[in-house]
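Spelled out from the first residue to the last, the chains are:
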Amino acid sequence: GENVEQHPSTLSVQEGDSAVIKCTYSDSASNYFPWYKQELGKRPQLIIDIRSNVGEKKDQRIAVTLNKTAKHFSLHITETQPEDSAVYFCAGYAGGTSYGKLTFGQGTILTVHP
Amino acid sequence: SAVISQKPSRDICQRGTSLTIQCQVDSQVTMMFWYRQQPGQSLTLIATANQGSEATYESGFVIDKFPISRPNLTFSTLTVSNMSPEDSSIYLCSVDGAGGAFFGQGTRLTVV
Numbered sequence: 001g002e003n004v005e006q007h008p009s010t011l012s013v014q015e016g017d018s019a020v021i022k023c024t025y026s027d028s029a030s031n032y033f034p035w036y037k038q039e040l041g042k043r044p045q046l047i048i049d050i051r052s053n054v055g056e057k058k059d060q061r062i063a064v065t066l067n068k069t070a071k072h073f074s075l076h077i078t079e080t081q082p083e084d085s086a087v088y089f090c091a092g093y094a095g096g097t098s099y100g101k102l103t104f105g106q107g108t109i110l111t112v113h114p
Numbered sequence: 115s116a117v118i119s120q121k122p123s124r125d126i127c128q129r130g131t132s133l134t135i136q137c138q139v140d141s142q143v144t145m146m147f148w149y150r151q152q153p154g155q156s157l158t159l160i161a162t163a164n165q166g167s168e169a170t171y172e173s174g175f176v177i178d179k180f181p182i183s184r185p186n187l188t189f190s191t192l193t194v195s196n197m198s199p200e201d202s203s204i205y206l207c208s209v210d211g212a213g214g215a216f217f218g219q220g221t222r223l224t225v226v
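Sequences listed follow chains A and B, in order. Counting in the working numbering, the first sequence runs from 1 upward without gaps. Counting in the working numbering, the second sequence runs from 115 upward without gaps.
Don't take every hint at face value.
[To be verified] Dumping the calculated SDA-like pairs for lysine to any residue here, alpha-carbon to alpha-carbon at most 20 Å:
(1) Lys37/A with Thr65/A
(2) Lys121/B with Ile109/A
(3) Lys58/A with Glu83/A
(4) Lys37/A with Arg222/B
(5) Lys42/A with Gln155/B
(6) Lys58/A with Ala19/A
(7) Lys42/A with Gln152/B
(8) Lys42/A with Lys179/B
(9) Lys58/A with Arg43/A
(10) Lys42/A with Arg222/B
(11) Lys58/A with Ser123/B
(12) Lys37/A with Thr158/B
(13) Lys37/A with Gly214/B
(14) Lys37/A with Arg129/B
(15) Lys37/A with Asp210/B
(16) Lys179/B with Thr162/B
(17) Lys22/A with Arg61/A
(18) Lys37/A with Ala212/B
(19) Lys37/A with Gln219/B
(20) Lys58/A with Val117/B
(21) Lys58/A with Asp17/A
(22) Lys58/A with Ala212/B
(23) Lys37/A with Ala116/B
(24) Lys121/B with Arg43/A
(25) Lys42/A with Val117/B
(26) Lys37/A with Gln155/B
(27) Lys68/A with Lys121/B
(28) Lys37/A with Gln152/B
(29) Lys68/A with Ala212/B
(30) Lys57/A with Val117/B
(31) Lys22/A with Leu11/A
[What the hints assert, rightly or not] Reference listing, derived: stretches of chain B covered by chain A, where coverage requires no fewer than 3 residues with Cβ under 8 Å from a Cβ of chain A:
(32) 131-137
(33) 186-199
FYI, nobody ran anything at the bench for these hints, they're computed from the structure. Every residue gets a Cβ at the ideal spot worked out from N, C-alpha and C, and that includes glycine.
All chains, please: the whole structure from these sequences, using the hints.
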């Protein structure tokens with residue numbers, strides 16, 4: 001089955017800096033890669049996703065890149081703000097029409113210092 | 115995106131007992147998913163619940179421990195049976211929505 005590795009496990013940045021979180025996956029059939037943000041005590045929230053036919057996707061301060069050859073994808077957050085502090089999870093999905101059967105990475109605790 | 119409601123939001127249970135968690139969605143969905151998030155850990159898929167058929171369990175999870183019902187296209191239950199302290203986790207249901215998978219608010223279970 002799919003295996004998703006995520007790095008780093010913790011990331012500390014100053015407000016206004018950029019943050020980058022990287023994930024690798026094992027199943028070359030994987031074709032959908034979402035990113036979730038989970039604040040303390042809250043449910044995971046989908047913040048951005050990318051499909052295997054696209055190399056990059058941006059949404060305001062958030063971008064995701066995908067390298068299918070190397071089987072890795074990354075989340076980039078620019079101009080970080082304290083409210084970006086949370087746990088971020090990458091995930092991978094292989095095959096079918098359902099987005100719900102996901103394999104998650106281990107998570108990255110992002111702390112943005114004012 | 116779909117509105118997903120879980121009940122209870124939290125519970126403290128005695129070891130050896132069972133707890134049934136409910137998940138209600140405001141629209142019809144083909145598949146519903148149950149995840150476990152152990153303290154400070156990532157999310158792990160327990161099973162996929164389809165209406166009208168047996169749930170499909172992931173490696174390491176069995177029906178006797180986590181029986182699932184899916185009586186219609188908007189509702190599912192997950193039971194955590196014969197609980198031990200190791201079952202203390204957050205249990206989340208998830209559904210496919212427009213453009214992705216979305217989660218309920220979770221059920222925080224503590225087994226004492």
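Now the hints, each set against the structure:
1. Lys37/A with Thr65/A: 17 Å, holds
2. Lys121/B with Ile109/A: Roughly 28 Å between the alpha carbons, so the hint for Lys121/B and Ile109/A is violated.
3. Lys58/A with Glu83/A: Given pair Lys58/A, Glu83/A holds - Cα atoms ~19 Å apart, limit 20 Å.
4. Lys37/A with Arg222/B: Since the Cα atoms of Lys37/A and Arg222/B sit roughly 18 Å apart, the hinted pair holds (cutoff 20 Å).
5. Lys42/A with Gln155/B: 14 Å, holds
6. Lys58/A with Ala19/A: This hinted pair holds, its Cα atoms lying about 14 Å apart.
7. Lys42/A with Gln152/B: 14 Å, holds
8. Lys42/A with Lys179/B: 26 Å, violated
9. Lys58/A with Arg43/A: This hinted pair is violated, its Cα atoms lying about 23 Å apart.
10. Lys42/A with Arg222/B: 11 Å, holds
11. Lys58/A with Ser123/B: 34 Å, violated
12. Lys37/A with Thr158/B: 16 Å, holds
13. Lys37/A with Gly214/B: 14 Å, holds
14. Lys37/A with Arg129/B: 32 Å, violated
15. Lys37/A with Asp210/B: Roughly 17 Å between the alpha carbons, so the hint for Lys37/A and Asp210/B holds.
16. Lys179/B with Thr162/B: Within the cut-off at roughly 15 Å; holds.
17. Lys22/A with Arg61/A: 17 Å, holds
18. Lys37/A with Ala212/B: OK: Lys37/A and Ala212/B at ~18 Å, within 20 Å.
19. Lys37/A with Gln219/B: 13 Å, holds
20. Lys58/A with Val117/B: 26 Å, violated
21. Lys58/A with Asp17/A: Distance of about 17 Å is within 20 Å: holds.
22. Lys58/A with Ala212/B: 18 Å, holds
23. Lys37/A with Ala116/B: Since the Cα atoms of Lys37/A and Ala116/B sit roughly 18 Å apart, the hinted pair holds (cutoff 20 Å).
24. Lys121/B with Arg43/A: 14 Å, holds
25. Lys42/A with Val117/B: 15 Å, holds
26. Lys37/A with Gln155/B: 14 Å, holds
27. Lys68/A with Lys121/B: 40 Å, violated
28. Lys37/A with Gln152/B: Distance of about 17 Å is within 20 Å: holds.
29. Lys68/A with Ala212/B: Answer violated: Lys68/A to Ala212/B is near 24 Å, above 20 Å.
30. Lys57/A with Val117/B: Not OK: Lys57/A and Val117/B at ~26 Å, beyond 20 Å, violated.
31. Lys22/A with Leu11/A: 11 Å, holds
32. 131-137: Since three or more residues must qualify, the claim that chain A covers the stretch 131-137 of chain B is violated, with 0 doing so at under 8 Å.
33. 186-199: With 0 residues in contact (Cβ-Cβ under 8 Å with chain A), the coverage given for the stretch 186-199 of chain B is violated.
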